[in-house]
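> Taken in sequence, the protein lines are chains A and B. For the first sequence, my numbering begins at 1 and goes up steadily by one. For the second sequence, my numbering begins at 1001 and goes up steadily by one.
No lab work stands behind these hints, which were simulated from the structure alone. Bear in mind that the values here come from a model prediction, so they are computed numbers and not experimental data. Hints are not guaranteed to be accurate.
25 Å max Cα-Cα, derived SDA-like pairs, lysine to any residue [claimed, not checked]:
#, chain 1, residue 1, chain 2, residue 2
1, B, K1142, B, Q1156
2, B, K1142, B, P1152
3, A, K183, A, L172
4, B, K1401, A, R115
5, B, K1401, A, G44
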Amino acid sequence: MQTAEAVGEVVESGTLQFTVACYELYAAPAFGSLVKAARPDNGGWVYGLVFDVTTGSEPPGANVSVRGSSGLRDEAIYRAYPDLPEVMRTRFAALTVGFTDHGAVRQYLPPQPPRLHFSAHVCDTAEVCAFTDQLGYLRTILTNQGIPADELAAAALRQARACRSSDPTFALRAGRQLAQMLKEEYDRLRAILAHMEA
Amino acid sequence: MSLDIVAVAGQVRQMGQDIAAAQSDFLERVRWARLLLQENSLRYAEVAGVIRDSREARTARAALPVNEPLAYRQVAPPCPLSYVAAAADGSQAEPDRHGHVAYFLINTGSALIRYGEQPAASFRSIPRLYYKHEDLHVVEQKAEDWPANKRPRETQVDGEILAMKRSVMEIQDLARLAENIPPELPAILIVDGTLTLFAKSTGEDAWVSEVFIQQYQAALNAIKETRIPVVGFISRSNATWVMDMLQVGVCGRDTRRCAFCRQRPAEEERDGCALAGLRDRFLYDGTLNGARLSLENVPPALLPGERSALFQLSSSLYQDYGDNEPRMFYMNSGREIAQVQVPRWVASDKALLDQVHALVYAQCLNGAGYPTVLTRSHEQAVVTAADREMLDEMVLSRLVKLGMRVPVSEKARSKLVRDI
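Let the hints inform the model, and build the full structure from the sequences given.
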């Protein structure tokens, strides 16, 4: 399977999540997208779900001052200050939701996180379908308290459903899986199901 | 022991009181200086002659009027729709005599920004590590008329020499940047600080400065070949060139003849010319010490974008610079009074001088009072204390891996661990 062109480089790496600095400003994958970065050990991939996209100074820490004025707004600001893209960076954080092990998809935490400075790629339709055939990764999302879990679950399921236009049963399977995981959190379940609708 | 801030607090209080008490006298002296500038404005040729003929001609650091009245002011010309600004800056990690190994680092940063049609920007940072004997020492350059048995002098690179080396590398980087600028676009090259090499080595050590001055001038000449104006930008200059011009060329430092100085109280600390110690920027700054300075019948300060008259910097230090001999003017950057230096070949071309004025002010507008391209080049060049520490550890780690023993001096060791 040919790998799509890299969108960025891993700049923080841990077992639970990894952060990618994008090569192009404002070109991060959408919230909820499935991304991958190479495993350091056996040639497979670590999968993550994009849960936070930020744009700020490069290196981090600089103030963002107001550049606009009457007659200078939006895109015109970037034309008037061509140095801005060179001192800014878009980053995204991905929640680790699985990995491949000799070709087989595993939906639990990998033995090793991705390596720093290795490329990160957006998974294509076939990869998303293959990964989301199992729904165990939803538990990783829903039990995580440091991220917008419900929104992420809904966004990931929207993406998975979009890859399966010919499978009308996916939404039902996903709904049942969510109901089983959130059987004592009815309000949460309802909200996620509502946001699952594209 | 850390600073005893309580002990200092009382001195700070006294300092504030003394400064506040001197404020009234200070403002009167500034008023007098502005009056002198205005009243003698059209005598610029005569003032220049007096300075050139004075006993201080060779040693004075007085501004020489070029061809504009002393109180001349000019509004910034319109900025072209498209232009290129480039800057180079440098930073250094100095040799640490007490460190593990003798080395130093020079990090040069450059920025090139294109405005208008096809806006673009490119930045670059180049670190260079020096550790070989020939890097850590400056060797005198052999002259053609040397006797056969004369050996060149040699001296170790210290902070002052490192600063000269860094300045040379900045201007060389700027010369390389100039080659990448499309010739059809108006452009400007900017360095932070003076356009001349600040060389303190004098007397027996003058040969050290000579080594670097030649390299510096070669780079300036390479820039001159491109016909792209090069500028030294000095933020909030503390220079006294124009004040010295008034003292030497107008009142001759003769307090007995001066109406203002004669009426000042003859207190010990006020003996001497009233202009002594005043900075040039006070002549042009409309807001001094936070209070708007309102003066009747004196020229108003420079408005944002306006520049002062053009002056030559008369000093024997610059006599060998030829066409790169510095000229300067003051300009209101929108936030402060900055000194802008240009080489003689730029100053003598009105179109180029106006281009400098327009583009420097445009850069200051873009950068909220300081040229954006200088800010970006500085960001590329900066070496923080943390960077230096990381570099030291990297060097130590590498040498230890190679099986080398690299102790620090006892002085350095005593600073690492505090014993009681």
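> Each hint: holds or not?
Going down the list of hints, with the structure as the test:
1. Proposed proximity of K1142(B) and Q1156(B) is supported: the alpha carbons are some 18 Å apart, at most 25 Å.
2. For a cut-off of 25 Å, the pair hint linking K1142(B) to P1152(B) stands: about 7 Å separates their Cα positions.
3. Between K183(A) and L172(A) the CA atoms are separated by roughly 16 Å; this keeps the pair inside 25 Å, and the hint holds.
4. Of the supplied pair hints, the one linking K1401(B) and R115(A) holds, its CA atoms being roughly 24 Å apart against a limit of 25 Å.
5. Restraint check for K1401(B) and G44(A): the C-alpha separation of about 33 Å exceeds 25 Å, so the hint is violated.
When each numbered hint is compared with the structure, a violation occurs for hint 5 only.
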